[in-house]
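In order, the protein sequence lines correspond to chains X and H.
Going by our numbering, the final residue of the first sequence carries number 636, and the count climbs one at a time with no gaps.
Going by our numbering, the final residue of the second sequence carries number 289, and the count climbs one at a time with no gaps.
Heads up, a few of these hints could be off.
As the list claims (entries may be wrong) - Below are the DSSO-like pairs computed for lysine-lysine, each with C-alpha atoms no more than 30 Å apart in a straight line:
#1 H:K90 / X:K589
#2 H:K264 / X:K593
#3 X:K593 / H:K238
#4 X:K491 / H:K279
#5 X:K566 / H:K264
#6 H:K279 / X:K525
#7 H:K264 / X:K589
#8 H:K279 / X:K607
#9 H:K279 / X:K528
#10 H:K238 / X:K539
#11 X:K538 / H:K117
#12 H:K279 / X:K566
#13 H:K174 / X:K589
#14 H:K258 / X:K551
#15 X:K528 / X:K551
#16 H:K235 / X:K538
Said to hold, decoys possible - Partial chain X-side listing against chain H, Cβ under 10 Å, derived:
#17 P444
#18 S446
#19 D594
#20 W619
Simulated from the structure, these hints should not be mistaken for lab results.
Cβ coordinates follow ideal geometry from the N, Cα and C atoms, glycine included.
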Amino acid sequence: MPPRGKRKSAKENQTAAKKAKVEKSSETSRKRDDISKPFSVKKCKVWFEEYADEPDIIGPDGIQKLCKDLHLDPEDIVMLVVAWKLNAENLGFFKFSEWSTGMGSLQCDSTKKLQSKLKSLKSLINDPVVFKKMYRYAFDFCRNKDQRSLDIDMAMEMLKILLSESWTLLDPFVEFIEQSDYKVINKDQWCNVLEFCRTVKSDLSNYDVDGAWPVMLDEFVEWFNNHPKM
Amino acid sequence: MLSKLKQECGASFTSKLEGMFRDMELSKDVMIQFKQHLQHQRLPSNIDMAVNILTMGYWPTYTPVEINLPVEMVHYQDTFKKFYLGKHSGRKLLWQNTLGHCVLRSSFTEENVKDLQVSLFQALVLLMFNERDNLPFDDIRSETGIEDSELRRTLQSLACGKARVIMKTPKGKDIGDNDTFLFNAEFKHKLFRIKINQIQMKETPEENVNTTERVFQDRQYQIDAAIVRIMKTRKTLSHNLLVSEVYNQLKFPVKPADLKKRIESLIERDYMERDKEIQNQYHYVA
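Assemble the whole structure, with the sequences as input and the hints as a guide.
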C-alpha cells in the first residue's frame, strides 16, 4: 500500500533511513526470532508499537519503515493485499484493532513472519474472485471518507498498481482521463473499469455501444477510436 | 385589476407594475407641459413628438443602442432634454432607441398617401428614401448606424413582409450584403393606416443549445422518476430491458447517453445498484 507520494520529502526519507539503521541493530538481537514459533498476541502488540507513529496508529512514516524492513516498494501490490487482509479503513494508516485481528488471522507477529507470507499473499490475487473483492475494497480504502467518490489522481495511481500487469489499455485509459474533465470517479465507474478490463478485448472489437457501460467508458472507447493508436 | 393583484399577492409584487402606471401618468403630464413649452420655441419641420419617461428599475432592462438619428429628431430630443432636466435636475436621460416608434405620412404618389406605423429603426430606413429612390445595403447601414443583424431584420420587414413599401433586388427572403433597395411607388393597400410589424428575432445557435440544456435539466427529474418507478415494480432488470421500458414511458426523446447518465446518477444516490457479478443488471434499492 503506497504512502501518498506528496508526503515523501527528502527530510522524511533521511529520518526514515536513520530509523532503519536503528532497526538493523535491533534486528540482530531478534536473530533468534523463529518463524516457526506460535503466534503470540503480546508479541504482535510489541511488533505493532515498533512502527506506531502515535498510540494505536501506524501512520505513513511507520508504513514506509515497514516496507523498507520487508524490502518492499510501498507501491507493491502486495502491500494492498496486506491492507485488505487487515481490512484497513484508511490508506496510509493501520489501526491497532485492524492490525491485531488481521495479523492474528495471518498468524504474524513479526516482520520476518510477515515477510515469509508475502509470496502466498501475492499469489492470492491470481484468483479472479479474490482479486475482484480486493479491487472493490481498494476503492473505499483510498476514498476520502467524507466523499462518496474517489479523487481521479488517486484512482489512477491505484489503477496502475492494480491493473498495470493485466490491462493493456491502462495507459491509454489514464491518458483519456487526464485530458477529460473527470475530477472524481464513483464506485460504479470504478467497479466497471475492472469488468471492462476483463471482458472487453484490447482492440475493443467486442465492445457493445448499447451495453450498460457507464458513460465514462463509452467516452473512453470513442476517444480511443478517434485517437492515433499508441 | 391592479388592486386585486395587490390584495392577492402583496404590495411588493405589484410595486413595479404600479411604478409603470405612474410613469405613464407622469409622462402624460410632462408631455402637456412640454407642448406648452414648445409654443415659445422655434423648431423646424412638422414633427410631433411624445416621450415616455420610464423609471429605471420598474421596467425590464433594455440595452441602449447607438444609431444615427436625423438632425430634426436630434433637435427635438435636445430640446426635450433641456426642458426635462430644467425641471428635474440631477436626473439622467437615456434614449431607448429600440423602444421608439413613429407614424410616417408617406406619399407614394400624389393621391396615394398612407400613414405607416413603424418602429424607429424602420422609420430611419424609410426616411432615407426621401432623398433617393434607390439605395444599396451598405449605404443604409452606414447612414443609419443600425447594428448589422438588426438592420437586416428591419429591411426584411419592409421589403419581404406583408406590406412591401420598398422592393429589393435581387428578390428573396434574406438580405445580402450586395442587395439594393428601391422605393415602391406602386405600393397599394386597402387601409390608410398600416402597421408594419418588426420581424421576430430568430434564436441564435447559442440560445438554442442553452434552451435544450435547460429543457433537459427540467426533464431529468421525469427520467429519474420513470427509472425509479420501473425498478420499483421490477426489482431486478437488465440494462436493455430497463432502457426500453423507460423509452416506452417517456413522451419526449432522450439521448441514450443522457439516459445512462441518469441511471448512473441514481446508482450513485443509492436508488438502485448494479449486480456485483452481472455487469448489465440492476437491482432496486429500497
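Each hint, compared with the structure:
For the suggested pair K90 (chain H) and K589 (chain X), the alpha carbons sit about 61 Å apart, so the restraint of at most 30 Å is broken. Among the hinted pairs, K264 (chain H) with K593 (chain X) is consistent with the structure: their alpha-carbon atoms are about 14 Å apart, no more than 30 Å. Straight-line distance between C-alpha atoms of K593 (chain X) and K238 (chain H) comes to about 21 Å, which keeps the hinted pair within the 30 Å bound. For the given pair, K491 (chain X) sits about 21 Å from K279 (chain H) by alpha-carbon distance, which is consistent with the 30 Å threshold.
Distance restraint check for K566 (chain X) and K264 (chain H): the Cα-Cα separation of roughly 26 Å lies within the 30 Å cut-off, and the hinted pair is therefore satisfied. Under the criterion of a C-alpha separation no larger than 30 Å, the hint pairing K279 (chain H) with K525 (chain X) is consistent with the structure, at around 28 Å. The hinted pair formed by K264 (chain H) and K589 (chain X) meets the criterion: a straight-line CA distance of about 16 Å does not exceed 30 Å. Pair hint K279 (chain H) plus K607 (chain X) holds up; C-alpha atoms about 21 Å apart against a cutoff of 30 Å.
For a cut-off of 30 Å, the pair hint linking K279 (chain H) to K528 (chain X) stands: about 24 Å separates their Cα positions. Straight-line distance between C-alpha atoms of K238 (chain H) and K539 (chain X) comes to about 25 Å, which keeps the hinted pair within the 30 Å bound. Of the pairs offered as hints, the one joining K538 (chain X) and K117 (chain H) is violated, with about 85 Å between alpha carbons and a cut-off of 30 Å exceeded. For the given pair, K279 (chain H) sits about 22 Å from K566 (chain X) by alpha-carbon distance, which is consistent with the 30 Å threshold.
The hinted pair formed by K174 (chain H) and K589 (chain X) fails the criterion: a straight-line CA distance of about 55 Å is larger than 30 Å. For the given pair, K258 (chain H) sits about 34 Å from K551 (chain X) by alpha-carbon distance, which is inconsistent with the 30 Å threshold. Note on K528 (chain X) and K551 (chain X): the hinted pairing holds, with a Cα-Cα distance of about 27 Å set against a maximum of 30 Å. As the CA atoms of K235 (chain H) and K538 (chain X) are separated by approximately 28 Å, the hinted pair is consistent with the 30 Å bound.
Of the supplied interface hints, the one on P444 (chain X) is violated, with its beta-carbon coming no nearer than about 38 Å to a beta-carbon of chain H, more than 10 Å. Because the smallest distance between the Cβ of S446 (chain X) and any Cβ of chain H comes to about 38 Å, over 10 Å, the interface hint for this residue is violated. Evaluation of the D594 (chain X) hint against chain H yields a held restraint, the C-beta minimum of about 5 Å falling below 10 Å. Restraint check, W619 (chain X) versus chain H: the minimum CB separation of about 8 Å is within 10 Å; hint holds.
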